[in-house]
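Engineer: Residue strings, one per chain:
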Amino acid sequence: MTATHNFGTSPIRAASTADTFKAALYVTTATVNAATTVYSSTNEVSGTGYTAGGITVTNATAPSSTNTSATAGVGYWTPSANLVYSTVTLTTAFDTVLIYNSSQSNAAVSVHTFGAQTITAGTFTLTMPTNTTTSALLRLSTT
Amino acid sequence: MIITTTKGEMDDSLLEKREGSIDNDIELTTWVEYYHEGELVHRSAHVTLKTSPFTNLVAASMA
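Taken in sequence, the protein lines are chains H and Z. If you're matching positions, the first sequence starts at 22 in our numbering and goes up one per residue. If you're matching positions, the second sequence starts at 18 in our numbering and goes up one per residue.
No wet-lab data here; the hints were simulated from the structure. A quick note: this is a predicted structure, and the numbers were derived from the prediction, not measured. Glycine included, every Cβ here is placed at the ideal spot set by N, Cα and C. The reader is advised that the hints may include incorrect statements.
[Said to hold, decoys possible] Among the chain H residues that face chain Z by a calculated CB cut under 10 Å, a handful are:
1) Ala-39
2) Val-48
3) Thr-108
4) Val-118
5) Phe-135
6) Gly-136
7) Thr-139
8) Gly-143
9) Phe-145
10) Thr-146
11) Leu-147
12) Thr-148
13) Met-149
14) Thr-154
[Claimed, not checked] Cross-link-like lysine to any residue pairs, in silico, SDA-like; alpha carbons within 25 Å at most:
15) Lys-34(Z) with Thr-82(H)
16) Lys-24(Z) with Gly-68(H)
17) Lys-24(Z) with Glu-56(Z)
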């Protein structure tokens with residue numbers, strides 16, 4: 022979590038700051054899934070108040086890991102604030118959010134799906150889970 | 018309460034409010050809709066994800 026994607030501020034990669042991550046929404050007809058490797062504007066939602074590329078993910082908490090050199094564990098990370106798309110109108114149904122690394126050629130990080138939604142002059146909020154080993158948004162088994 | 022609508026800001030006393038929710042293994046979602054004379058003028062939704070079915074860290078490694 023601090024190599025290709027630098028969620029924290031002490032990465033292996035030659036950088037001293039965390040990368041910037043963004044969250045883009047996709048319509049129900051989009052093919053965005055575990056095979057997605059990079060952000061694309063194809064089938065991204067569009068509408069009043071929404072900017073292509075989505076919103077910046079608040080990342081004030083570095084990833085955590087429970088493993089030591091001798092034991093396996095879990096690496097985990099959760100955005101430090103909910104994803105909020107304020108005062109938007111998105112009339113085409115959408116059901117997917119892609120989190121991607123805009124500092125690393127828009128490389129995909131994760132895809133999350135939910136029931137189809139539309140928004141009319143309103144706010145779409147994705148509440149982030151508690152940042153624990155069992156509920157964090159991103160969880161990796163380590164060896 | 019003032020509601021942002023497609024017709025501008027309106028007092029909720031002028032609007033019909035409808036609410037709903039979904040609760041399953043994937044998500045807890047709630048939404049609120051406001052109608053003015055039968056027309057949808059505001060809809061907001063709030064999704065809480067419970068699982069990450071397609072989480073896929075690409076070329077990431079642990080440090």
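Engineer: Does each hint fit the structure? Answer for all of them.
Structural biologist: Do the hints match the structure? See the list:
1. Ala-39: For Ala-39(H), the interface hint is violated, since the closest Cβ of chain Z sits about 13 Å away, which is over 10 Å.
2. Val-48: The hint is violated - Val-48(H) has no Cβ within 10 Å of chain Z, the shortest such distance being about 15 Å.
3. Thr-108: At about 6 Å, which falls below the 10 Å cut-off, the nearest Cβ of chain Z leaves the hint on Thr-108(H) intact, so it holds.
4. Val-118: Since the shortest Cβ distance to chain Z is 9 Å, the answer is holds.
5. Phe-135: Hint on Phe-135(H): holds, closest Cβ of chain Z at ~5 Å, below 10 Å.
6. Gly-136: With a closest approach of 5 Å, the Gly-136(H) hint holds.
7. Thr-139: Holds. Min distance 6 Å.
8. Gly-143: 3 Å, holds
9. Phe-145: Result: holds, 5 Å to nearest chain Z Cβ.
10. Thr-146: Because about 5 Å separates Thr-146(H) from the closest Cβ in chain Z, which is inside the 10 Å limit, the hint holds.
11. Leu-147: 5 Å, holds
12. Thr-148: 4 Å, holds
13. Met-149: With Cβ-Cβ at 8 Å, under 10 Å, it holds.
14. Thr-154: At 13 Å from the nearest chain Z Cβ, Thr-154(H) fails the 10 Å test, so the hint is violated.
15. Lys-34(Z) with Thr-82(H): 38 Å, violated
16. Lys-24(Z) with Gly-68(H): Holds, at about 16 Å.
17. Lys-24(Z) with Glu-56(Z): Answer holds: Lys-24(Z) to Glu-56(Z) is near 10 Å, not above 25 Å.
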